[in-house]
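Work out the full structure, taking the sequences as your base and the hints as a guide.
In case you want the letters, here they are:
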Amino acid sequence: MHVYHDHLEVRTDGKRLYEITDQIESKIDKSSIQSGTVTVFVQHTSCSIVIMENADPTARRDLEEFFDRLVPEDADYFTHDAEGSDDMPSHIRMVLTRTSETIPIVNGRMQLGTWQGIFLFEHRRSPHHRKVLITMMGE
Amino acid sequence: MHVYHDHLEVRTDGKRLYEITDQIESKIDKSSIQSGTVTVFVQHTSCSIVIMENADPTARRDLEEFFDRLVPEDADYFTHDAEGSDDMPSHIRMVLTRTSETIPIVNGRMQLGTWQGIFLFEHRRSPHHRKVLITMMGE
Amino acid sequence: MHVYHDHLEVRTDGKRLYEITDQIESKIDKSSIQSGTVTVFVQHTSCSIVIMENADPTARRDLEEFFDRLVPEDADYFTHDAEGSDDMPSHIRMVLTRTSETIPIVNGRMQLGTWQGIFLFEHRRSPHHRKVLITMMGE
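Protein chains in written order, with the numbering used here: chain A, 1 to 139; chain P, 140 to 278; chain F, 279 to 417.
Please note: incorrect hints may appear among the correct ones.
As the list claims (entries may be wrong) - Covered stretches of chain P, as calculated for chain F (at least 3 residues, CB under 8 Å):
1. 165-176
2. 194-203
3. 226-234
4. 265-276
For the record, the hints were derived by calculation from the structure and aren't laboratory data. Computed from a prediction, not measured in an experiment: that's the story for all the values here. For each residue, glycine too, the CB sits at the ideal point set by N, CA and C.
Structure follows, in structure tokens:
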């Protein structure tokens with residue numbers, strides 16, 4: 001059993017989903033882990049890591065629209081707005097989704113289902129550099 | 140330290156919670172892992188894995204009703220509807236909940252609290268076969 | 279590779295976020311794990327474990343207010359209310375957030391981002407004792 005740590009830098013330019021499945025596959029290939037798990041963890045509180053349908057871009061746009069309506073930027077009771085109107089909604093959207101995903105690895109491959117992709121879900125409008133940690137454990 | 144992979148097939152017949160705690164316990168018994176973790180991962184984007192109150196069925200029905208109201212099938216802005224009106228809501232409900240749970244194992248037993256059960260939360264109305272991966276790591 | 283189990287008891291006195299980052303750091307220090315992961319798991323269905331912005335208390339208060347509005351205690355369709363009006367909302371808030379978080383450990387330190395803290399999110403109004411399991415795996 002071994003542990004390998006790696007990371008990705010993801011540049012974002014607005015509120016939406018950014019697929020990172022292939023980059024994570026590459027890190028697993030490099031690690032030589034054949035059987036175990038990979039944990040994908042983002043070091044920020046204003047974006048998320050989620051598994052989502054990866055075939056049809058309309059599904060991602062509808063998801064983004066849903067979150068814009070569920071957590072509107074102009075809620076009159078928000079007091080945490082030092083960084084603008086998308087500041088507080090970004091933290092709420094993160095808590096409603098996930099900061100990490102853990103996926104099984106078998107025969108050196110992530111065991112995602114046919115339609116599953118791994119995405120960074122950016123909740124801020126302005127450009128950001130996001131750091132994603134990738135921890136692979138197994139044999 | 141070792142890794143064991145196993146899986147369950149869950150047949151669903153509509154939108155609701157299906158308890159799978161006992162089946163996961165059986166897989167852990169078979170694995171001989173005494174101390175570590177189990178990760179329960181579902182390979183689909185239109186159902187979820189969640190830990191939920193397992194004693195009172197009314198709690199589960201209220202939860203299902205809440206999600207039906209939070210993510211209504213008839214939202215007029217959905218464009219991803221190739222598979223029917225429960226298609227897009229199923230992906231949103233999955234993102235709002237979880238695709239996997241990780242639970243500690245001590246003395247060969249999952250360390251769930253008294254009222255915690257593990258459930259597959261089905262978000263589609265028509266019957267489905269769902270594949271759940273179970274990865275046990277430890278010693 | 280080794281597994282270490284430890285736990286925390288958290289006393290809560292109402293619906294809000296309680297930071298537990300430092301207590302988890304102490305457990306990792308004691309474990310001698312230098313490289314791996316820590317899984318923080320709460321054994322209850324009426325509170326959550328979440329990673330949240332840990333610098334500005336106004337962000338936490340806005341988050342609490344958002345959840346009070348998203349899952350109101352007086353929804354007329356709730357039937358599970360044996361323990362009071364905050365009973366059913368507590369389960370829904372738990373399902374909408376998380377029961378556990380898994381965080382990488384490198385050089386003996388949790389790899390949280392600058393603004394990330396780990397919190398127990400209490401969803402019940404009356405005082406509770408909450409048990410949090412901490413599982414460290416690695417080398």
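Consistency of the hints with the structure:
no.	hint	result
1	165-176	holds (count 3)
2	194-203	holds (count 6)
3	226-234	violated (count 0)
4	265-276	violated (count 1)
Of the hints listed earlier, those the structure fails to meet are numbers 3 and 4, in rising order.
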